[in-house]
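Novice: Sequences and hints are given; from them, build the entire structure.
Here our numbering is used: the first residue of the sequence shown is 1, the next is one more, and so on.
If you are wondering where the hints come from, they were derived from the structure by calculation, not from laboratory data. Just so it is clear, the structure is predicted and the values come from calculations on it, not from any experiment. Heads up, the beta-carbon is just placed ideally off N, CA and C, and yes, glycines get one too. Be a bit skeptical, because a hint or two may be false.
Here are the simulated lysine to any residue pairs, SDA-like style, with alpha carbons at most 25 Å apart [said to hold, decoys possible]:
hint, residue 1, residue 2
1, Lys134, Lys90
2, Lys86, Gln156
3, Lys122, Val160
4, Lys86, Asp124
5, Lys175, Ala162
6, Lys122, Glu181
7, Lys122, Ala184
8, Lys134, Arg40
9, Lys175, Thr185
10, Lys134, Ala163
11, Lys122, Leu153
12, Lys134, Asp124
13, Lys134, Thr149
14, Lys122, Asp173
15, Lys90, Asp106
16, Lys175, Ala163
17, Lys142, Ser36
18, Lys122, Ser133
19, Lys122, Arg157
20, Lys175, Val8
21, Lys122, Glu74
22, Lys142, Ser61
23, Lys142, Asp190
24, Lys122, Arg17
25, Lys122, Lys134
26, Lys134, Arg17
27, Lys142, Arg87
28, Lys90, Ala163
29, Lys122, Pro93
30, Lys90, Val60
31, Lys142, Gly101
32, Lys142, Asp165
Taking CB as the label site, the calculated pair distances span [claimed, not checked]:
hint, residue 1, residue 2, range
33, Lys175, Arg23, 18 to 28 Å
34, Glu10, Glu70, 38 to 48 Å
35, Glu58, Lys175, 19 to 29 Å
36, Ala163, Pro75, 16 to 26 Å
37, Ala14, Val160, 27 to 37 Å
38, Ala14, Asn152, 22 to 32 Å
39, Arg59, Asp124, 26 to 36 Å
40, Lys142, Gln11, 44 to 54 Å
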Amino acid sequence: MTQPQPSVLEQDIARARRVLGRRNLVFVGLMGAGKSAIGRIVAQMLDIPFVDSDHEIERVSRMSIPELFEAYGEPEFRALEARVIKRLLKTGPRVLSTGGGAFMSDATRAAVLSHGLSVWLKADLEVLWARVSKRDSRPLLKTANPRQTLANLLEQRYPVYAAADLTVQSRDDPKETIAAEAIATIARLDRDQEKAPTS
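Specialist: Rendered as structure tokens:
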């Protein structure tokens with residue numbers, strides 16, 4: 001009796017695991033891009049742990065992100081964020097979701113690019129605004145015109161996010177669809193290595 005052939009998704013999962021090895025898979029992107037939601041599903045599919053760097057920051061500081069911003073300001077928060085992410089990158093594999101500003105730090109970006117495989121979840125302004133406007137917990141959007149602030153962040157940050165190893169479009173499709181696309185994008189790296197000529 002012949003064994004059933006693995007599905008395309010199962011093949012992609014196996015390839016993605018091979019590409020990652022012991023590295024972490026790091027999701028970057030603006031607030032509302034779906035880094036935590038997609039990251040959790042990808043971690044389940046790959047059968048590796050999931051960590052949200054914001055949750056880890058809150059755990060070690062015993063304060064919420066808005067409280068940290070209020071008490072210490074953004075520069076101090078970013079310094080703590082960088083320390084937490086560097087520590088998380090030391091062991092793997094795992095899926096790591098980062099805060100929207102984390103990849104903007106030169107030191108954090110260098111650590112992610114050298115110790116992880118980064119995936120930029122790229123979303124259009126309308127998609128992001130529809131998601132973030134439902135919640136009142138985004139410190140950077142506590143401005144007179146939060147939608148314009150988000151547009152400004154998009155303009156400032158997208159050229160930096162483009163340094164990520166891979167890009168996956170986040171949109172209003174089911175999260176499982178985007179997660180499967182992320183895994184397929186990672187798996188493509190394995191196929192590309194197989195096709196590369198050996199010297």
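Novice: Take the hints in turn and mark each one as holding or not.
Specialist: Quick rundown of the hints versus the structure:
| no. | hint | result |
| --- | --- | --- |
| 1 | Lys134 <-> Lys90 | violated, 35 Å |
| 2 | Lys86 <-> Gln156 | holds, 24 Å |
| 3 | Lys122 <-> Val160 | holds, 12 Å |
| 4 | Lys86 <-> Asp124 | violated, 29 Å |
| 5 | Lys175 <-> Ala162 | holds, 22 Å |
| 6 | Lys122 <-> Glu181 | holds, 13 Å |
| 7 | Lys122 <-> Ala184 | holds, 16 Å |
| 8 | Lys134 <-> Arg40 | holds, 21 Å |
| 9 | Lys175 <-> Thr185 | holds, 15 Å |
| 10 | Lys134 <-> Ala163 | violated, 29 Å |
| 11 | Lys122 <-> Leu153 | holds, 13 Å |
| 12 | Lys134 <-> Asp124 | holds, 16 Å |
| 13 | Lys134 <-> Thr149 | holds, 16 Å |
| 14 | Lys122 <-> Asp173 | holds, 13 Å |
| 15 | Lys90 <-> Asp106 | holds, 18 Å |
| 16 | Lys175 <-> Ala163 | holds, 24 Å |
| 17 | Lys142 <-> Ser36 | holds, 22 Å |
| 18 | Lys122 <-> Ser133 | holds, 18 Å |
| 19 | Lys122 <-> Arg157 | holds, 11 Å |
| 20 | Lys175 <-> Val8 | holds, 18 Å |
| 21 | Lys122 <-> Glu74 | holds, 23 Å |
| 22 | Lys142 <-> Ser61 | holds, 22 Å |
| 23 | Lys142 <-> Asp190 | violated, 43 Å |
| 24 | Lys122 <-> Arg17 | holds, 23 Å |
| 25 | Lys122 <-> Lys134 | holds, 19 Å |
| 26 | Lys134 <-> Arg17 | violated, 35 Å |
| 27 | Lys142 <-> Arg87 | violated, 30 Å |
| 28 | Lys90 <-> Ala163 | holds, 21 Å |
| 29 | Lys122 <-> Pro93 | holds, 23 Å |
| 30 | Lys90 <-> Val60 | holds, 17 Å |
| 31 | Lys142 <-> Gly101 | holds, 16 Å |
| 32 | Lys142 <-> Asp165 | violated, 31 Å |
| 33 | Lys175 <-> Arg23: 18 to 28 Å | holds, 23 Å |
| 34 | Glu10 <-> Glu70: 38 to 48 Å | holds, 47 Å |
| 35 | Glu58 <-> Lys175: 19 to 29 Å | holds, 23 Å |
| 36 | Ala163 <-> Pro75: 16 to 26 Å | holds, 22 Å |
| 37 | Ala14 <-> Val160: 27 to 37 Å | holds, 32 Å |
| 38 | Ala14 <-> Asn152: 22 to 32 Å | violated, 42 Å |
| 39 | Arg59 <-> Asp124: 26 to 36 Å | holds, 32 Å |
| 40 | Lys142 <-> Gln11: 44 to 54 Å | holds, 46 Å |
Going through the hint list in order, the structure does not satisfy hints 1, 4, 10, 23, 26, 27, 32, 38.
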